[in-house]
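Asks: Which chain is which? The protein sequence lines are A and B, in order. All the letters of the first sequence, read from the start, carry residue numbers 1 to 273 under the UniProt record's numbering. All the letters of the second sequence, read from the start, carry residue numbers 1 to 316 under the UniProt record's numbering.
Be careful, since some hints might not be right.
Unchecked claim - Capping the alpha-carbon separation at 27 angstroms, the derived lysine-lysine pairs in BS3-like fashion look like this:
no.	chain 1	residue 1	chain 2	residue 2
1	A	Lys261	B	Lys122
2	B	Lys122	A	Lys7
3	B	Lys122	B	Lys250
4	B	Lys122	B	Lys276
Hints in this document: simulated from the structure, not taken from any laboratory.
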Amino acid sequence: MSRYTRKTLLLEILMIAVGLAFAFPIYVLVNLSVRRAGDTSSPIAPTTSPTLANYADAWNAAGLAGALGNSIAVTAISLVVIILVSSLAAYPLARATARWSRWAFLLFALGLLLPAQLALIPLYQSVRDLGLLGTVWSLVLFYCGLQVPFSVFLYAGFLRAIPAQYEEAAAIDGCGPVRTFFSVVFPLLRPVTGTVAILNAIFIWNDFLTPLLYLSGSPQQTIPVAVFQFVGQYVADWQLVFAGLVISVVPILLVYFLMQKRIIQGFAGGLKG
Amino acid sequence: MADTYEATAAPPATGTSTEAAPRARARRSRGRAPWWFMIPALILYAYVVLIPSVRGAGYAFTDWSGLGDAMSFVGLENFRKILDDSAATDALVQTVLITLAITIVQNLIGLLLALGVHTQIKSRNFLRVLLFAPAVMTPVVTAYLWRYMYAPDGAINGLFEAVGLGGLAQNWLGDPDIALWSVAAIVIWQFAGYSMVIFLAGLQGVPRELHEAAGVDGAGAFQRFWHITRPMLAPAITINLMLSLIGGFKIFDQVYVTTGGGPGHSTETLSTLIYKNAFQFDEYAYSTAIAVVLAVIVAAVSAVQYRGLQQQKGAA
Numbered sequence: 001m002s003r004y005t006r007k008t009l010l011l012e013i014l015m016i017a018v019g020l021a022f023a024f025p026i027y028v029l030v031n032l033s034v035r036r037a038g039d040t041s042s043p044i045a046p047t048t049s050p051t052l053a054n055y056a057d058a059w060n061a062a063g064l065a066g067a068l069g070n071s072i073a074v075t076a077i078s079l080v081v082i083i084l085v086s087s088l089a090a091y092p093l094a095r096a097t098a099r100w101s102r103w104a105f106l107l108f109a110l111g112l113l114l115p116a117q118l119a120l121i122p123l124y125q126s127v128r129d130l131g132l133l134g135t136v137w138s139l140v141l142f143y144c145g146l147q148v149p150f151s152v153f154l155y156a157g158f159l160r161a162i163p164a165q166y167e168e169a170a171a172i173d174g175c176g177p178v179r180t181f182f183s184v185v186f187p188l189l190r191p192v193t194g195t196v197a198i199l200n201a202i203f204i205w206n207d208f209l210t211p212l213l214y215l216s217g218s219p220q221q222t223i224p225v226a227v228f229q230f231v232g233q234y235v236a237d238w239q240l241v242f243a244g245l246v247i248s249v250v251p252i253l254l255v256y257f258l259m260q261k262r263i264i265q266g267f268a269g270g271l272k273g
Numbered sequence: 001m002a003d004t005y006e007a008t009a010a011p012p013a014t015g016t017s018t019e020a021a022p023r024a025r026a027r028r029s030r031g032r033a034p035w036w037f038m039i040p041a042l043i044l045y046a047y048v049v050l051i052p053s054v055r056g057a058g059y060a061f062t063d064w065s066g067l068g069d070a071m072s073f074v075g076l077e078n079f080r081k082i083l084d085d086s087a088a089t090d091a092l093v094q095t096v097l098i099t100l101a102i103t104i105v106q107n108l109i110g111l112l113l114a115l116g117v118h119t120q121i122k123s124r125n126f127l128r129v130l131l132f133a134p135a136v137m138t139p140v141v142t143a144y145l146w147r148y149m150y151a152p153d154g155a156i157n158g159l160f161e162a163v164g165l166g167g168l169a170q171n172w173l174g175d176p177d178i179a180l181w182s183v184a185a186i187v188i189w190q191f192a193g194y195s196m197v198i199f200l201a202g203l204q205g206v207p208r209e210l211h212e213a214a215g216v217d218g219a220g221a222f223q224r225f226w227h228i229t230r231p232m233l234a235p236a237i238t239i240n241l242m243l244s245l246i247g248g249f250k251i252f253d254q255v256y257v258t259t260g261g262g263p264g265h266s267t268e269t270l271s272t273l274i275y276k277n278a279f280q281f282d283e284y285a286y287s288t289a290i291a292v293v294l295a296v297i298v299a300a301v302s303a304v305q306y307r308g309l310q311q312q313k314g315a316a
């Protein structure tokens, strides 16, 4: 282990400067969100008489309460379904040795190659025919199908590293396949379930194109679309816009800072699955 | 990070039971993991991804407007139209350019950040958390933030004036010559920390003793990086390239929110054009043809990179 030398100190100062440069947009975001309407000083000068009134105004004007509820519901319901169906599907894929399992694996691999843009538009009609257009259920359906291949891969990669002895023991004790899965296999998958949940949750929460298509013109919105419409409406009231942006990004940043270690680990390691 | 992940991945029990297993056990094991466990996932996946993708590819060879039932087979007409449509060829070129810019700059910055953070500095954990934070933020929100920062009287020009470089002030999103690069910079700012985190996971797999031994033997910092770190980083490089290439080719949010593809078509990308043709111009079949082009590009990139990753795994 090397010591903390003068060179390390110089690097420390340099890296903190880089960190501050990266944080500069966040400073601007917060700084302008507390400005009063008539304040025309430079956007980089610290606001002299800050106000929190913009936050209350933006909260009411943007209908962010409803959007927040929808975003939470869509993310939570999609996650439960994705985790359940993907872990179930990965189990035979990782364990079976028959030829069909290789074909099934390739079929799921195909899903990793197809960009959502190709399916998004034809699916629009199916969703409309189902009467789901303009409801959050169209999003839940889309995310569940779209994220299955990726999640199956994470689960299957993890399962292959687990020896089958636990399951064999359960089978000897008389457990059927369903019971073996839920009481033995699924609990063993806990670490990768965390990764699957984190990666999918952040993708679903932040997705813009899908709700833009499927919820357009409906009162039901998720956060990204609510922000989009809000800014479109109040484009000149930038202090109001910035307060709205802060409110809409606080929930995910809060979750991030509370679980940063697990989230960074999920992003760094999850893709290797 | 990757080490801890893999450590949790390895359960306490050892021994490869399946390899030594006789056929009877294989049959039993198949019984425990029945194939029908895949049915719910397959139904969802087929309904949402496979069937619509096939249908989309089929529409690309018709003249359907998206409204009504009138539709006839037109062969490769839509693809020929792409070549004649300057908006589409511009979008294709610009998509490639912005993807290359993002891929190169984001990964270079990400690598430098990772090398800077993977040291003895006291702020390393704090910096890691700070630099990754933009990657979890909603792209629509960060894009709007940057749209205001890029405004002629916004924070970027304000910053230049504050340090006496007012001459560098630009109309960042309004000038067709630089708007595309301004949009690329948003993505780079947001996801450089993501690249950093993946490089860091790779760096943690490089044994420190190797570096120290090479240092004793008189290898300089750059030599040590090139001959020791770089080869060990190969999987991280592949993963990072794959993520930024695919993300770049599919870019929509940042473009749609900041410029909407303008000024003119100077920031139009394949995804914004697909959206506009399908939902604003009622050129439904044409938009699916552009989507097929995008799908072929993304699939080709993924396939090449996936092969690279498998080869690295084989070599390791």
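Asks: The structure should be examined with respect to each hint, and the outcome stated for every one.
Replies: So, going through the hints one by one against the coordinates:
1. A/Lys261 to B/Lys122: Holds: lysine 261 of chain A and lysine 122 of chain B sit about 17 angstroms apart, inside 27 angstroms.
2. B/Lys122 to A/Lys7: Satisfied, since the Cα-Cα distance of roughly 13 angstroms is no more than 27 angstroms.
3. B/Lys122 to B/Lys250: violated (38 angstroms)
4. B/Lys122 to B/Lys276: violated (49 angstroms)
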